[in-house]
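Colleague: Given next are the chains, with one letter for each unit.
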Amino acid sequence: MTSSTFPVDVSAWIGAYPFREIPHPDAAVLVRVLEREGIGQAWVGSLPSVWHRDPAPSNAWLFAQLAPHADRLLPSPTVRPDWPGWEALLDDAVAHGAPSVRVYPMQLGLGATAPVWPALARACADRGLIVQLTVRFEDLRQRHPMDGAGDLSAGHIRCVVRSDPRVQVIVSGAGRDLIEETHWSLTPEEQARCFWDWSWVWGPPEDHLEHLLRTIGGDRFVFGGFWPMRLIQAPLATISLTAALLPRVTISTGAEIREAASRVDR
Amino acid sequence: MPSRHIIDPHAHFHWSGSRHDHARYNASRLRAGDAIGVRVHVASILGTWGRNSPTYFASPDDIGAGNDAMYAIADEERARVRSFVHVNPNHTEHALREIARGVARGAIGVKLSASRRADDPLVDPIAAEAGRRGLPVLHHVWQHRQREWGMQEASDAIELVRLAVRHPGTNFILAHIGGGGDWAHTINVIRDVPNVFPDTSGSGVDRGMLDAYLTAIGPQRLLWAADLTLCTGLAKLQALEVIGLPQDDLDDVCWRNAVRIFPSGNFGLT
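Residue numbers (the numbering used here), protein chains in the order written: chain W, 1 to 266; chain S, 1 to 270.
No lab work stands behind these hints: they were computed from the structure.
Be a bit skeptical, because a hint or two may be false.
Stated by the list, open to error - Partial selection, computed: residues in chain W whose CB lies under 7 Å from chain S: (1) Pro205; (2) Ala234; (3) Thr238.
Just so we're clear, the structure is a prediction, and the values are computed from it rather than from any experiment.
From the three backbone atoms N, C-alpha and C, an ideal C-beta is built for every residue, glycine too.
With the sequences and hints as input, model every part of the structure.
Modeller: Listed below in structure tokens is the structure:
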């Protein structure tokens, strides 16, 4: 096992994936994985809901699945900001103790300039909810022919971050190029509200993570394991091999980000 | 670490002709390998990695220069590095000469990237020569290639298996099941072809991949490897441990299979 442990995994899901079989993507299994890896808790989304027209039923399923594990698993329900009544999902998320909601622009066909982003950012900031965006679930080269969604763009991220000066954003599954393109296209104030996991960032010998930690800073990063799609060991391995080069790296925690989101001026 | 010894049969290095930070890159690979427990990196350099000629269609001049740089690294790092000889099948005579020259310089395997489809007759003399010399062929593979991709003439498992069946006396390493494309497609193609050994390398770390390969072909045909990402290599090592692979099987995957298919006496292990 790696020597690095983290209080929060912000990038976990449960439920079936539509394009291939995934071994036991269940809440109870996730709890055991967290225990094995020494990770305190996980923010968990519903994987099936990513492709649903209306995420509400899948969110209800998510809340029910996580309820027996409320001490370890926090819900991060899906919101579709172009669907009638979507604001009610935010209130539902708050009622269930969610630290964040997840939005999937590419799977919904929503462009970076879609008119929904300012309202979403404002509504989430009003409620102290972090907005989570996911770049991809599989590498472009292996996607099923019916999975026509491309990778999330820097334009999408910029648009959400800039839509409201209070909104906090976490991006899961970005590589070095997207992180740099986005980070350096934001003002310092905007950069401070945008966080990344490094689940798809390369370690040695390219050492992309080391480069990003040096140039962007560890306080921009938060741990995300991408379970159940990918081995949770991957980001742990990357940071363990990188930490030897950067012994004083401080990674942000989900709790810190959540606290920042809850402190916003509503 | 989960195994006493680890051999990486799919490694790469750089040189001054391929990137300006080659020394940093090479040092990082060796440092990470040491941290993971890699005993030997069996490595290649693909010409100039695109600087003078395309990575996957390297010119004869670039092939020779890249191989020379690889041999120099292996000489310098004799304890930790062995060489493949990289060849381009579109230049048959040059490729055969390079294999002879490479063996004389210590190469212990042949590296084919994506210069020619694996089942093309032009690859036959190279596969035959490798078999005659007892060298395994590491072949770049795009798992379930469904169309042409730019800057390479990639092969998938179906095409590599056609070559492997024509050369039953040659062992083939099917590159990076985690390196792009659909790894699930490859399993059924290679299941009953005993001279094809998939390696686990690539940046892909899909849950279920290692389990599926171990179930389908067993631990004596799977090779742990890292390719361009030692980080995902370490993750897969840890995953092999977590899924409960017995120590004997773990040793097969991590080093014993490599000892079996490379020429004997190269790793100090039996």
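Colleague: For every hint, state whether the structure bears it out.
Modeller: Consistency of the hints with the structure:
| no. | hint | verdict |
| --- | --- | --- |
| 1 | Pro205 | holds (4 Å) |
| 2 | Ala234 | holds (4 Å) |
| 3 | Thr238 | holds (4 Å) |
Of the numbered hints listed earlier, not one is contradicted by the structure.
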